[in-house]
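Enquirer: Let the hints inform the model, and build the full structure from the sequences given.
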Amino acid sequence: MSDFKAKPGLPLIDREESLYFLRQMLRIRRFEEKSAELYSATKIRGFLHLYIGEEAVGVGVATALDPADAMVATYREHGHAMVRGMGMDAIMAEMYGKVTGCCRGRGGSMHLFDAEHRLYGGNAIVGGGLPVAVGLALADRMQGRKLVTCCCFGEGAMAEGEFHESMNLAALWNLPVLFVCENNYYAMGTALNRSESVVDLTQKAAAYGVDAMAVDGMDVIAVVAAARKAVAQIRATAAPFFLECRTYRFRPHSMFDPELYRSKQEVEGWKQRCPIQSLIRRLQEQGWLDEEALARLEEEITGEISAAVDFAERSEWEPVSELSRFVYSDPEVQ
Amino acid sequence: MTGQTRTITYRDAVCAGLRDALQRDERVFLMGEDVGRYGGCFAASKGLLDEFGPERVRDTPLSESTFTGAGIGAALGGLRPIVEIMTVNFSLLALDQIMNNAATYLHMSGGLFNVPLVIRMATGGGKQLAAQHSHSLEGWYAHIPGIKVLCTATLEDARGMLWTALQDPDPVLIFEPSILYAMEGELAEGAGAVDIARAKVHRSGNDLTLITYGSCLYKCLDAAEQLSATGIEAEVIDLRSLRPLDEESFLTSVARTHRALIVDEGWRSGSLSAEISARIMEKAFYELDAPVERICSVEVPMPYAKHMEEAALPQVATIVETARRMCGGG
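Sequence order for the protein chains is A and B.
The numbers in this note's numbering rise by one with no breaks, and the one at position 55 of the first sequence is 55.
The numbers in this note's numbering rise by one with no breaks, and the one at position 246 of the second sequence is 246.
There is no bait here: all hints are sound.
Example chain A residues on the side facing chain B (calculated, C-beta under 8 Å, incomplete):
#	residue
1	Cys103
2	Phe113
3	Ile125
4	Asp140
5	Val327
Partial list, computed: chain B residues near chain A (C-beta under 8 Å):
#	residue
6	Ser63
7	Ser65
8	Thr66
9	Gly69
10	Gly71
11	Ala74
12	Gly78
13	Asn101
14	Leu106
15	His107
16	Met108
17	Phe113
18	Gly146
19	Pro169
In short, the hints are calculated from the structure, not lab data.
A virtual CB, placed ideally from N, CA and C, is assigned to each residue, including glycine.
Expert: Next comes the structure, spelled out in structure tokens:
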């Protein structure tokens, strides 16, 4: 934008894009706030892991991908699914356990899958998605497709053997994987420095000869810039890249977590760095967003969420007679 | 046998199956530890690296979980991977990927993502390889809905089941009894695809049904010969598919013989043999003239010493003795 002067140390931002990021982050935030409410109302059951506080990471990374690229995510993936293009209807209905959910209500919150947008879960075994991402990238490479597979995981996964095996294999075979570590500093309740002998996570990637970068995961503009750089490099070289996004989850690990392992002060400190509030401030400083526009945006999102809830409420349950369907592709096999 | 057959080993048959697959479908590739330059830890892929190149015959690092998971990803991405895990013992390192991903994706995604992956591995004892290289854990895998589990006992199956498995839209595990790699036999030059859904009756008889699979097939066939000499005609069924089970095959047989003896190299407790026994009780109870019996491996970690290992594994003499007792021959 011609009237925009970048502040020192901040990457240049674009008005339209920034407003898009704000919309996406707010969609995730409000959708999840509603989900928490619906959980308390027992409409949503099982595990519900909220992404609140970490929105800049999912939005930033997903934005850097092309529609044909693949994504493998974790059980904290509502945001990733939404930014990749899955509608709120399909996600909400899935969490309600309704047949109109993206997985017919079979996966729930932790297992969102989407063939059209190439989202391969929703994987709830920590570290289990990494090898799958490596394989997806291998398939792209062997079939001559110039695509990137983006694999998101928490820092807790970096203590798993599958992280190390996957970094090694992706580097050894030169596979186009963007490894995104969403470092929210707690593996459930275990702090990073209580689970890792070396807390600079980029060093672990570097040990496998994988280019690595760490970025402020509370700043969506910074995440997008870093992810775009990473994706461009992967497309140019086909080699993997490791991006650590330093972020924080404002809510408990799941709805069952009494949060005995961290102080209220610490949480409050991170909340001051809320990625949504920070972006709103920046947009307002630039004169790109006024109160009225923000209120309109909130209103649109409220409408979208309320339509999704209505959709989920109105939807049917999968008939019990379908229970054994899709254990195998051939319905005759039991 | 006619002039169109050739004497080859089980190992050659596996290799021929791999070659057939790599030739017929460019989406097929083989990966695993030492499948390339080394030629396969049981030499089953010898020569394939030279023939098909390193893109399609891929040596992997010792990372069972990740190369198995990569097979799942590659299958999702449109390829038809054959993952070789040296032996079932090592496959436990990949159990997370097999169980939590390969077996669940189709159902959990509501039918969105099937995983057309074949995983091969050696199984079983008899080579004095002790307690970390000798177990028969295929029965564990047969517990898991979402995967198919085969065990190839013959040259024909070793060559032909791989291709059928590769046509399957879902994950298929193929177990190859390691004791059989050196076994020689006749196989037709043009031997082709083999049905993977049906058990096979290897010997007909009306007095007793021996239900088995894998290397125990040969012990059962030997036992059946000895029994025949004493006037007992045993029917011998090779299950071939451990999941799904071709129930009809053994139920039909038991309805005729009225006696069933299951011979399974796995352990007895909570086992495949227990499952088969239960199904016979559930569906053919009134056909039985004697309780169903089982001969399994003794429930110990497999010992190294030859005499101890032999004592731990099902043996022909025990099969004969048990069958005779069941038929009232003491």
